[in-house]
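Undergrad: Let the sequences and hints guide you as you build the complete structure.
Chains as they are written, first to last, in the numbering used here: chain L, 40 to 449; chain B, 101 to 432; chain W, 75 to 403.
It should be emphasised that the hints constitute simulated quantities derived from the structure, not laboratory data.
Note that CB positions come from ideal geometry on N, CA and C, so glycine has one too.
Be careful, since some hints might not be right.
Unchecked claim - Within a straight-line C-alpha distance of at most 20 Å, the following computed DMTMM-like cross-link-like pairs (lysine to aspartate or glutamate) qualify:
#1 W:K299 - L:D96
#2 L:K212 - L:E170
#3 B:K111 - L:E57
#4 W:K395 - L:E245
#5 W:K395 - L:E389
#6 B:K111 - B:D420
#7 L:K421 - L:E390
#8 W:K79 - W:E306
#9 L:K386 - L:E397
#10 L:K386 - L:D314
#11 L:K421 - L:E371
#12 W:K395 - L:D240
#13 B:K107 - B:E320
#14 L:K201 - L:E245
#15 L:K421 - L:E393
#16 L:K201 - L:E241
#17 L:K386 - L:E419
#18 L:K386 - L:D399
#19 B:K121 - B:D420
#20 W:K299 - L:D157
#21 W:K299 - L:D99
#22 W:K395 - L:E241
#23 L:K386 - L:E371
Said to hold, decoys possible - Pulled from the structure, derived: some chain W residues nowhere near chain L, Cβ distances all over 12 Å:
#24 V171
#25 A246
#26 L297
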Amino acid sequence: MHDEILTIDNLSTKFFTENGTVRAVNDLSLRVGRGDVFGIVGESGSGKSVTARSVMDLVDSPGRITDGSIWYRNEEFTDRVREDHPNAVEDGAVDLLELPESTRHGLRGSAFSMIFQDPASSFNASLTVGEQIAEAVEVQRRAHANPRSTRARTSGSNYSLKNYALSTVFPSKRFVTRASRDRAIELLEMVGIPDPVQRADEYPHEYSGGMLQRAMIAQALAGEPDVLIADEPTTALDVTIQAQVLDLLAELQEETGMTILLITHNLGVVARMCDRVGVMYAGEIVERGTLEDVFDDPVHPYTQGLLGSIPDLEGREGRLHPIAGNVPSLFEHEMEHRCHFADRCPKAMEECLEHPPEFDARGSPHHAARCYLAETTYSEAKALPEGYFSEADDPAMEQTETAATDGGGE
Amino acid sequence: MIPERLKASLKREFHQSLLAKVGLGLLILILFLALFAPILATHDPTTSRYWDDQGNSYPPLGITYDTEIAQEGERVEYTVEPTTEHLLGTNNVGEDIYSKFLYGARTSLLVGFFGTGLAVLMGVPFGLIAGYYGGRVDDSMMRVADIMLAFPSLVLAVALIGVLGAATIPIPDPIVMAGFAEDMPEYMILPGSVTIVVALVTWVWFARVARGEAMAIRSEEYVKAARSMGASNRRILVTHVLPNSLTPVIVLATIQVAAIILLESSLSYLGFSGTTLSWGYEIQQGQAYLSTQWWIATIPGIGIVLAVIGINLLGDWLRDSLDPNIEGEHGG
Amino acid sequence: MTFGKFLVRRLLQGVFVIWGVITVMFALRAVSPGDPVNLILDQAAGEELRQQVREDLGLDQPMYIQYLDYLQGIVVGDFGFSYQSSRPVLPMVLERVPATLELAFAATIVALIISIPLGVVSATRRNEPADYGATIGSLVGISTPNFWLGLMLILILSVQLGLFPTGRRPVAFHDSIWIALTTFHLGPLITWFHHIILPAVALGTYFTALITRLTRSGMIDELGKPYVTATEAKGLPGVLIRYKHVLRNTMIPIITVLGLQLGTLIGGAVITEIVFSWPGLGDRFIAAVNNRDWPLLQGVVVFIAISFVLINICVDALYAKLNPKVAAQ
Numbered sequence: 040m041h042d043e044i045l046t047i048d049n050l051s052t053k054f055f056t057e058n059g060t061v062r063a064v065n066d067l068s069l070r071v072g073r074g075d076v077f078g079i080v081g082e083s084g085s086g087k088s089v090t091a092r093s094v095m096d097l098v099d100s101p102g103r104i105t106d107g108s109i110w111y112r113n114e115e116f117t118d119r120v121r122e123d124h125p126n127a128v129e130d131g132a133v134d135l136l137e138l139p140e141s142t143r144h145g146l147r148g149s150a151f152s153m154i155f156q157d158p159a160s161s162f163n164a165s166l167t168v169g170e171q172i173a174e175a176v177e178v179q180r181r182a183h184a185n186p187r188s189t190r191a192r193t194s195g196s197n198y199s200l201k202n203y204a205l206s207t208v209f210p211s212k213r214f215v216t217r218a219s220r221d222r223a224i225e226l227l228e229m230v231g232i233p234d235p236v237q238r239a240d241e242y243p244h245e246y247s248g249g250m251l252q253r254a255m256i257a258q259a260l261a262g263e264p265d266v267l268i269a270d271e272p273t274t275a276l277d278v279t280i281q282a283q284v285l286d287l288l289a290e291l292q293e294e295t296g297m298t299i300l301l302i303t304h305n306l307g308v309v310a311r312m313c314d315r316v317g318v319m320y321a322g323e324i325v326e327r328g329t330l331e332d333v334f335d336d337p338v339h340p341y342t343q344g345l346l347g348s349i350p351d352l353e354g355r356e357g358r359l360h361p362i363a364g365n366v367p368s369l370f371e372h373e374m375e376h377r378c379h380f381a382d383r384c385p386k387a388m389e390e391c392l393e394h395p396p397e398f399d400a401r402g403s404p405h406h407a408a409r410c411y412l413a414e415t416t417y418s419e420a421k422a423l424p425e426g427y428f429s430e431a432d433d434p435a436m437e438q439t440e441t442a443a444t445d446g447g448g449e
Numbered sequence: 101m102i103p104e105r106l107k108a109s110l111k112r113e114f115h116q117s118l119l120a121k122v123g124l125g126l127l128i129l130i131l132f133l134a135l136f137a138p139i140l141a142t143h144d145p146t147t148s149r150y151w152d153d154q155g156n157s158y159p160p161l162g163i164t165y166d167t168e169i170a171q172e173g174e175r176v177e178y179t180v181e182p183t184t185e186h187l188l189g190t191n192n193v194g195e196d197i198y199s200k201f202l203y204g205a206r207t208s209l210l211v212g213f214f215g216t217g218l219a220v221l222m223g224v225p226f227g228l229i230a231g232y233y234g235g236r237v238d239d240s241m242m243r244v245a246d247i248m249l250a251f252p253s254l255v256l257a258v259a260l261i262g263v264l265g266a267a268t269i270p271i272p273d274p275i276v277m278a279g280f281a282e283d284m285p286e287y288m289i290l291p292g293s294v295t296i297v298v299a300l301v302t303w304v305w306f307a308r309v310a311r312g313e314a315m316a317i318r319s320e321e322y323v324k325a326a327r328s329m330g331a332s333n334r335r336i337l338v339t340h341v342l343p344n345s346l347t348p349v350i351v352l353a354t355i356q357v358a359a360i361i362l363l364e365s366s367l368s369y370l371g372f373s374g375t376t377l378s379w380g381y382e383i384q385q386g387q388a389y390l391s392t393q394w395w396i397a398t399i400p401g402i403g404i405v406l407a408v409i410g411i412n413l414l415g416d417w418l419r420d421s422l423d424p425n426i427e428g429e430h431g432g
Numbered sequence: 075m076t077f078g079k080f081l082v083r084r085l086l087q088g089v090f091v092i093w094g095v096i097t098v099m100f101a102l103r104a105v106s107p108g109d110p111v112n113l114i115l116d117q118a119a120g121e122e123l124r125q126q127v128r129e130d131l132g133l134d135q136p137m138y139i140q141y142l143d144y145l146q147g148i149v150v151g152d153f154g155f156s157y158q159s160s161r162p163v164l165p166m167v168l169e170r171v172p173a174t175l176e177l178a179f180a181a182t183i184v185a186l187i188i189s190i191p192l193g194v195v196s197a198t199r200r201n202e203p204a205d206y207g208a209t210i211g212s213l214v215g216i217s218t219p220n221f222w223l224g225l226m227l228i229l230i231l232s233v234q235l236g237l238f239p240t241g242r243r244p245v246a247f248h249d250s251i252w253i254a255l256t257t258f259h260l261g262p263l264i265t266w267f268h269h270i271i272l273p274a275v276a277l278g279t280y281f282t283a284l285i286t287r288l289t290r291s292g293m294i295d296e297l298g299k300p301y302v303t304a305t306e307a308k309g310l311p312g313v314l315i316r317y318k319h320v321l322r323n324t325m326i327p328i329i330t331v332l333g334l335q336l337g338t339l340i341g342g343a344v345i346t347e348i349v350f351s352w353p354g355l356g357d358r359f360i361a362a363v364n365n366r367d368w369p370l371l372q373g374v375v376v377f378i379a380i381s382f383v384l385i386n387i388c389v390d391a392l393y394a395k396l397n398p399k400v401a402a403q
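TA: In structure tokens form, the structure reads like this:
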């Protein structure tokens with residue numbers, strides 16, 4: 040229990056747009072154990088990336104975290120914070136949302152770091168790859184009072200506009216030092232980039248997609264983070280390259296023992312990498328548990344649907360089971376207090392008109408699902424009549440037709 | 101002619117943007133002043149010697165100034181009072197500043213619109229042909245354009261006027277002809293050389309934009325299809341390429357009207373305009389009197405700034421709602 | 075290696091442009107009405123003397139010979155003699171070049187120092203008072219004619235408040251620097267500085283406003299790109315994200331636009347010099363046009379073209395340096 044490095048409780052993140060408030064993440068809770076590979080899986084727009092960005096405090100305006108807590112457990116960090124922010128500390132863990140922005144941002148790169156979906160657009164095209172990785176190293180170097188200490192830090196480094204202006208004239212005032220550059224080259228070597236000395240001086244457009252994703256992993260490792268958040272790390276890559284990148288991640292995880300929060304819509308990636316899984320739908324975790332719980336014994340009809348929609352590579356079944364219907368609207372004024380999946384659910388019942396809480400499910404003690412079927416069995420008698428939602432719903436939702444989800448398949 | 105989608109976008113942007121409303125308001129105001137100048141003017145702007153008894157220019161309403169006059173062989177201090185007869189006072193030669201302001205708006209807008217129109221007529225066909233045919237035609241035409249671009253337009257304009265001379269074209273004033281304002285000058289003066297010269301130094305911007313559009317449209321499927329069905333190049337240019345390039349040309353034209361008004365004011369400030377009824381010329385007239393009669397140079401400048409702000413705001417509005425890709429705004 | 079090639083190509087293009095300008099100027103002279111002899115000699119001069127002058131100037135030769143002579147002269151630095159003052163054109167132009175360069179550089183520096191931080195602040199604090207102020211200020215800035223702005227500055231800051239001189243350039247920059255370095259006497263440098271502030275602000279305002287606008291809209295575009303989030307995720311300080319990463323990428327397209335705007339800077343310098351009696355090429359130029367002093371006019375225009383081409387090459391080189399994709403090509 041006390042070895043949960045990251046615990047998210049009742050997190051809500053909303054986007055306040057001109058057309059209304061969007062509930063991207065709603066009342067989400069999850070627990071990530073130290074050293075685990077935790078997968079968050081769901082369709083596009085289910086809120087998985089926003090969850091990851093909420094942890095990093097990278098949610099862009101007009102988005103904002105409106106509720107909940109994000110507990111990060113790291114002894115050294117807790118000790119540092121305890122004095123200044125006693126409210127934030129509880130039971131040896133720190134609630135990041137209680138900390139001031141600067142303290143939270145100091146965790147970027149050292150406690151949490153992130154790799155992104157599209158490596159080509161996630162590097163700055165006009166600086167060399169080596170320079171950009173060295174920056175990540177330098178940030179951590181400056182944050183450390185003691186260079187040998189390699190664990191989480193409390194504050195980021197300060198660097199003023201004056202220093203930047205001077206650096207354009209005096210090389211000695213540059214942010215990145217020689218030592219950081221050398222470390223960047225080591226990191227490139229570590230992620231398997233050939234000729235790292237030479238490649239460090241190349242620009243992102245001179246790299247292939249797979250190489251660039253490796254470089255991004257190197258950059259994310261610069262601060263020896265406790266938790267690596269990988270947001271669709273392989274989506275933009277070719278299938279053969281995907282496997283190499285996943286192997287690299289697995290290898291690095293084994294070597295360093297870091298925790299990985301893997302966000303993907305690809306169930307194949309989850310099956311290959313993860314120990315634990317959370318399935319997201321409409322901003323909520325609808326089912327979570329160990330890989331075996333979720334994959335072999337799914338409770339929620341959405342999970343079942345997702346698993347059904349993986350194309351079977353070996354062609355045993357030979358066809359896709361797409362989930363009927365569309366991803367629901369996340370506008371607050373259009374969301375009803377019911378199970379958000381009910382309108383697409385083949386087993387929707389009268390209970391489902393009431394928003395389900397999280398129930399413990401069969402399987403391991405961690406297995407839980409936001410579905411009444413965890414407690415009761417499906418009965419035809421209580422089933423909602425066909426076409427119930429297409430009449431009751433907003434007219435815009437009526438066009439729900441059979442649409443293959445993007446859950447899996449790639 | 102304007103697609104519905106664009107209309108909707110223009111409307112939405114207009115409702116959201118306070119600046120677009122201000123811009124339209126300013127432009128309508130200046131247009132109104134320029135159009136009805138003969139009726140709104142209180143004096144013939146070319147009549148001089150509106151002075152007080154001592155031969156001093158009147159200040160604008162609400163302002164007095166001290167000067168010295170010779171009285172019985174002695175210099176005595178003397179305060180000049182404004183008169184309701186001349187709302188914005190009179191200038192150093194005793195012309196009514198308010199009336200000259202109105203006629204200055206006419207000159208600026210005439211040059212702005214005619215000059216831009218001429219530049220469009222020169223630049224757009226040039227650019228369309230270069231972009232559509234590509235290859236050697238494009239290369240040689242764009243080399244010419246590069247040389248034109250490679251030169252400070254004001255310097256070129258002054259050099260050209262030095263050669264052409266500051267010729268003007270008198271246009272009969274319809275309002276005076278119709279008998280609505282009998283005391284006003286019968287002709288309005290279009291500074292012909294200036295109009296031609298500003299077009300000569302700005303057409304290249306239109307050529308560049310039209311060329312870019314033509315190059316993009318040339319490779320569109322429907323143009324290829326039209327060509328494969330035997331449509332002549334000229335027909336394709338007129339029916340497909342030209343209409344598609346209109347949006348960016350319109351946006352650029354709006355911005356260029358503002359740039360040309362600024363250029364015209366510079367030319368007339370330097371004395372190359374050929375007409376005295378121009379804001380720039382009035383500023384030059386007032387320059388020598390800056391320390392005593394500061395309003396002579398100040399008031400026409402306000403006219404230029406307001407007109408140019410109005411047109412620039414309109415240009416921003418068009419650009420934000422139509423979203424063409426134009427590089428090098430405000431052609432210089 | 076590739077950069078050298080790039081430079082050679084741009085220089086050749088520049089020579090081509092300058093040749094074009096020379097040819098256009100020659101053609102303008104050829105079609106312009108009036109006999110230059112009348113500009114040099116008195117009305118009363120006899121026909122014999124006129125013929126003599128015509129022969130001296132080579133005006134009796136066929137056009138193509140005159141053209142070739144003219145080109146040849148320019149290549150060896152001989153621009154002929156001013157009709158008006160009978161002095162050789164080259165020194166008349168050269169003695170005025172430093173003042174114009176001083177003004178153009180000072181205006182550029184004013185513009186860059188103010189506009190870039192203003193644009194960055196405006197983009198990073200969108201829809202806050204600072205942003206509204208910068209937006210409206212830059213709108214007024216691009217809409218104000220620089221000569222009128224100059225007069226207003228003189229009116230308020232010189233005539234009314236007496237803070238700055240109304241114009242003129244009592245000392246050259248290079249002289250004042252020389253004095254400062256050799257005698258440690260800073261007086262002339264301060265005088266120079268005091269005199270150049272108003273003209274530099276008058277000329278620089280348009281560019282300040284333009285660059286502020288471009289920086290703001292470019293930064294806003296750029297801030298929405300994924301690499302910015304990725305850079306934030308590294309924990310990089312905000313200053314570095316804004317200036318080293320985002321601003322750098324914003325400047326790449328802005329530099330192209332500024333290259334195209336250089337003509338406006340030089341044209342603006344001409345008129346600003348007139349307003350402030352700044353003894354640069356501007357008033358030589360206007361005087362040459364008014365007097366139809368063709369040799370002087372050609373000399374000034376060719377010089378402006380040369381400096382324009384050189385500055386443009388520097389801008390292109392900067393562009394290539396900032397944008398690795400161009401350098402690689």
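Undergrad: All hints are to be evaluated individually against the structure, with a verdict given for each.
TA: Verification of the hints:
1. About 17 Å separates the Cα atoms of K299 of chain W and D96 of chain L, which keeps this hinted pair within 20 Å; it holds.
2. A C-alpha spacing of about 15 Å is found between K212 of chain L and E170 of chain L, which places the hinted pair at or below 20 Å, so the restraint holds.
3. About 17 Å separates the Cα atoms of K111 of chain B and E57 of chain L, which keeps this hinted pair within 20 Å; it holds.
4. For the proposed pair K395 of chain W and E245 of chain L, the alpha carbon gap of about 16 Å is at most 20 Å, so the pair holds.
5. As the CA atoms of K395 of chain W and E389 of chain L are separated by approximately 67 Å, the hinted pair breaks the 20 Å bound.
6. The straight-line distance between the Cα atoms of K111 of chain B and D420 of chain B is roughly 11 Å, inside the 20 Å bound, and the hint therefore holds.
7. About 8 Å separates the Cα atoms of K421 of chain L and E390 of chain L, which keeps this hinted pair within 20 Å; it holds.
8. At most 20 Å may separate the alpha-carbon atoms for a hinted pair to count; K79 of chain W and E306 of chain W exceed this at roughly 38 Å.
9. Between K386 of chain L and E397 of chain L, the direct Cα distance comes to roughly 18 Å. Compliance with the 20 Å bound is thereby established for this hinted pair.
10. Straight-line distance between C-alpha atoms of K386 of chain L and D314 of chain L comes to about 28 Å, which puts the hinted pair past the 20 Å bound.
11. Proximity of K421 of chain L to E371 of chain L is assessed by CA-CA distance (about 28 Å); at most 20 Å being required, the pair is judged violated.
12. For the hint pairing K395 of chain W with D240 of chain L, the CA-to-CA distance comes to about 15 Å; that is within 20 Å, so the pair holds.
13. Straight-line distance between C-alpha atoms of K107 of chain B and E320 of chain B comes to about 24 Å, which puts the hinted pair past the 20 Å bound.
14. At most 20 Å may separate the alpha-carbon atoms for a hinted pair to count; K201 of chain L and E245 of chain L exceed this at roughly 33 Å.
15. A hinted pair counts as satisfied when its Cα atoms are at most 20 Å apart, and K421 of chain L with E393 of chain L qualifies at roughly 14 Å.
16. Restraint check: the Cα-Cα separation between K201 of chain L and E241 of chain L comes to about 28 Å, which exceeds 20 Å; the hinted pair is violated.
17. The straight-line distance between the Cα atoms of K386 of chain L and E419 of chain L is roughly 8 Å, inside the 20 Å bound, and the hint therefore holds.
18. Of the pairs offered as hints, the one joining K386 of chain L and D399 of chain L holds, with about 19 Å between alpha carbons and a cut-off of 20 Å not exceeded.
19. Using a Cα cut-off of 20 Å, the hinted pair K121 of chain B and D420 of chain B holds, with the two alpha carbons roughly 14 Å apart.
20. As the CA atoms of K299 of chain W and D157 of chain L are separated by approximately 11 Å, the hinted pair is consistent with the 20 Å bound.
21. Only pairs whose Cα atoms come within 20 Å are accepted, and K299 of chain W paired with D99 of chain L is accepted, the gap being roughly 11 Å.
22. Distance hint between K395 of chain W and E241 of chain L is fulfilled; the C-alpha atoms sit about 14 Å from each other, no more than 20 Å.
23. Distance hint between K386 of chain L and E371 of chain L is unfulfilled; the C-alpha atoms sit about 25 Å from each other, more than 20 Å.
24. Distance check for V171 of chain W against chain L: the nearest CB is about 28 Å away, which clears 12 Å, and the non-interface claim stands.
25. Listed as a non-interface residue, A246 of chain W keeps its Cβ farther than 12 Å from every Cβ of chain L; the least gap is roughly 26 Å.
26. Not every CB of chain L lies more than 12 Å from the CB of L297 of chain W, the least distance being 9 Å, so the non-interface label is violated.
In the structure shown, a violation is registered for the earlier hints numbered 5, 8, 10, 11, 13, 14, 16, 23, 26, in ascending order.
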